[in-house]
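Student: Single-letter residue listing:
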Amino acid sequence: MLTIESLSKSYGSKKAVDDLSLHIQKGEIFGFIGHNGAGKTTTLKACCGILKPDTGRIRIDGIALDEYPIECKRRMAYLPDNPDLYEFMSGIGFLNFIADIYGIPAGARRDRIEKYAEMFELKNELAQPVSSYSHGMRQKLAIISALIHEPRLMLMDEPFVGLDPKATHLLKGIMRDICNRGGAIFFSTHVLEVAEKLCDKVAIIKGGRLIKSGTMDEVRGDASLESVFLELEGENA
Amino acid sequence: MLKALIKKQFLEVFASVFIDKRKGTKRSSGSVILNIALYLLLFGVVAVNIYLVANQLCEPLVSAGLAWFYFALFGLASLLFGVLGSAFSTYNSIYVAKDNEMLFSMPIKPRTILLSRLVSVYLLSLLYTLIVFAPAAAAYFRAAEPGIGGILLVVLAALALALLSSAVSCVLGWLISLVARRLKNKSFVTVLVAILFLGLYYFFYFRISGLLAKILASPLLIANVLKGYIYPFYLMGEGAAGDAVKLLLFALMCIGAAAIVYFIISLGFAKSVISGGSVSSAKKNAVYSESSIKAGSASSALFKKELLRFTSSPNYMLNANIGLVFMVGAAVALLIMGSELRQRLETILTGNYDILALIACGAVCLLSGTNITTASSVSLEGKHIWLPQSLPVDARKALLAKLRLHLTIVLPPLALLLASVIIVFRFPLLESVIMCVVSLLYVLLIALIGLAANLKWTNLHWTNEVIPIKQSMPVFISMFGSFAAILLMGGLYFLLKSAVPPLGFLFIAAVLFGAICFILYRLIVTWGARRYAELG
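Protein chains in written order, with my numbering: chain V, 218 to 454; chain W, 1221 to 1756.
Certain hints may be false.
Facing chain W, a subset of chain V residues (Cβ under 8 Å, in silico) [as the list claims (entries may be wrong)]:
| no. | residue |
| --- | --- |
| 1 | Arg291 |
| 2 | Pro297 |
| 3 | Ser307 |
| 4 | Asn341 |
| 5 | Leu343 |
| 6 | Gln345 |
| 7 | Arg355 |
Since the hints were made in silico from the structure, they are not lab data. In this text, all values refer to a predicted model and were calculated from it rather than measured experimentally. By construction, the Cβ of each residue, glycine as well, lies at the ideal position given by its N, Cα and C atoms.
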């Protein structure tokens, strides 16, 4: 579903991502773990076409992102860690905008908006301006907008930050549901317990370089993900 | 505690002198000195103009024993200037200050927070008061030579006047906050009020010489008639002219007014700030209904987004499109006074009347060139740039939506202006058509120049939207580029006028503008689209 081949990206003299290769298959929830500044967000932004890699290639569903960016973006959704949404729009205005961009017919968008807005308890606030939303409400609106076109691949940067326990639980269910329908999830997190319980595979990144990846069992062995992560961090210090 | 808050307010008021808001960094010493010098130059130019007016009035009024009337007039002018200048900043600094929430979470009484805010309002009012009152006082000192005691009384009068000005500004700021919390379309009302203020300013500006002549013709009569209506200013005037008791009375009135305003505002201050925010209650109480789900094309969604961005920001509407007011104003003025103007021009241009189409077209272009919506449209994406970049949107479509917004805003007033020009000056069909074509292409040209410049010099990291809207290279290029284009075309005409008739030159202008538009359009849809996709 998502293939990253030898991805490198630098900001000035600082190498944010260095020769990173990963393959996320259909049906997989893939966790991306690393400390602050490890290169997680840069990798995710490059995968969704916001950042242009210095070298390397990204393919979505076999399609090269650099050659066919629009086709690739139609298949995926990106959820940033702190979604800055259009504050001059109402919640429903924003969802209509996103649905128009993806060309979702009125009937389908109504069903999906109502389904997810009810699920995340945001329906009553949809007519209000985004500027009046709390951080958690913005996060929920961003999640609904990401789901509105039923993406096959979801790229998420710290998706659980700011969400209440109920919304967190719902999002985990939605992530699994996308994978069960043949999609894939690639998300970054600092919460190792969540990654341990949710992910089929994980990758650990440090200083822009991949230091370990594989299935959850391959990575952690008999230990906990936390102890493996801390051990690897120490080894590579 | 109050001292610390007042210190913070002082730092905030003078922040623009010491901090570069574009970069968010501290200015160098040289930059601070240059900044202060620029401010002094700006205020100096205004002050010199006021001094020249004051000088005309001072001697006749003082020698007629009407020094009080002289000070009362300038007191009123400084009050008007101060209130018009600081009403919106008073509203912003009291009700929608960014640190309101933080301060309210601290163990500080709301009245103390309000008092510290009012100190900065007073400081701003004093600044505005002095811009008008100081030159008038200087003219008085020169004419009346009042001595140290007299100078001191004038200074005290200015300080008291600033207190009155800040009290009136606070009342207006409070009214604005009341209205803002109830209105759905706050941005439009803000724009309308700002245009009203601008209209008032120009109204007085254009009538000032007539008013001066009337006052100088019969000062005693006018002073006696007005005395009862402007009694506090009579007291202030007498005080500034030497009567300390009357000045004390005026100062007590000002202190009383300020105290009443402080007391009234403090009653509902905490409630206004906590429940207020920047969102009106009408919007907060909006209810979702199924009918609000509407499908449209990606292009129309992008255009709607640009339109919403535009209409949500009074800063954007006012600064990027103030030309619309001038265009509509010119069209209406032409329809009202057009025949008189036509007769005058027929006399002036005897034998060269065919040049009128060229002049009219140049004037229409000049006015429409003051609209520069696209020059900040890319920078205004700011922290939201991730959205169009991560969505399946062709960057060309996103850029064309910005062009479409510019044309949608400017073309209706342009059509009105062109129609009134054609009707008033009775241009024949061919000239009318070519004028319309040149004006349309010129509007497109300015939009394309602004967009290309903004793509080249993009600032997505602003902290205040005023920076890309007012203080950026693309805005400078668009604004002065539009004037330069007209000047260049004027120069070109004078070079070619022996060989090319005015109508022929309009054809040349149309071809030239069309060619540049085509080149810029190609540049934007190729290089510009790539650049837009990689911004951030």
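Student: Hint by hint, say whether it matches the structure.
Tutor: Going down the list of hints, with the structure as the test:
no.: 1; hint: Arg291; in the structure: holds, 5 Å
no.: 2; hint: Pro297; in the structure: holds, 6 Å
no.: 3; hint: Ser307; in the structure: holds, 7 Å
no.: 4; hint: Asn341; in the structure: holds, 7 Å
no.: 5; hint: Leu343; in the structure: holds, 4 Å
no.: 6; hint: Gln345; in the structure: holds, 6 Å
no.: 7; hint: Arg355; in the structure: violated, 12 Å
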